[in-house]
Amino acid sequence: MVREELEELRLYVLLILLFSAPSGLIMGYCANGGVLAQISFVLLSILWFYFTFKGYQYAKQNNWLLHQNYLFRSIALTFSAISLRLFKLIIASFFHLQPMDIYVIIAWLGWVANLIIVEVIIYRKDIKH
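Numbering (the working numbering), first residue to last: 1 to 129.
Heads up, some of the hints might be wrong.
Derived lysine-lysine pairs resembling DSBU-like cross-links, with alpha carbons at most 35 angstroms apart [claimed, not checked]: (1) LYS88 with LYS54; (2) LYS54 with LYS125; (3) LYS128 with LYS54; (4) LYS88 with LYS125; (5) LYS125 with LYS60; (6) LYS60 with LYS128.
Since the hints were made in silico from the structure, they are not lab data. This one's a predicted model, so the numbers in the text were calculated from it and none came from an experiment.
Please work from the sequences and hints to get the whole structure.
Have a look at this one:
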């Protein structure tokens, strides 16, 4: 890995591990939508922390395949905020549900869908090798 890429990786890891995931954990605990939404957001922040930490750990060990796989997972969870809003727009446009019902659905769909897509990509990539 080139020095500049490693510095960018360190910044990404530092921001997630020290700020984003811990604040996400607190926000998840206090989330609207009841216990199901709270569980979703707390689990999201725990997995986000774990995947980012493991990706960085594997980079330090020069295990680039596992590093890449874990960072793919981390990035998928990073983009969950965008996915959540996209799913909210789609679900609210096509289904006539109560707002809190939509919130609980997108609380899970916003990150689980991203993770499933990444797992399929990792699986297909690993099969080719």
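Here is how each hint holds up against the structure:
Distance restraint check for LYS88 and LYS54: the Cα-Cα separation of roughly 31 angstroms lies within the 35 angstroms cut-off, and the hinted pair is therefore satisfied. For the proposed pair LYS54 and LYS125, the alpha carbon gap of about 19 angstroms is at most 35 angstroms, so the pair holds. Our distance criterion of 35 angstroms between C-alpha atoms is met by LYS128 and LYS54, whose separation comes to about 23 angstroms. Of the supplied pair hints, the one linking LYS88 and LYS125 holds, its CA atoms being roughly 30 angstroms apart against a limit of 35 angstroms.
Restraint check for LYS125 and LYS60: the C-alpha separation of about 22 angstroms stays at or below 35 angstroms, so the hint holds. A C-alpha spacing of about 25 angstroms is found between LYS60 and LYS128, which places the hinted pair at or below 35 angstroms, so the restraint holds.
Every hint, counting from the list given before, is met by this structure.
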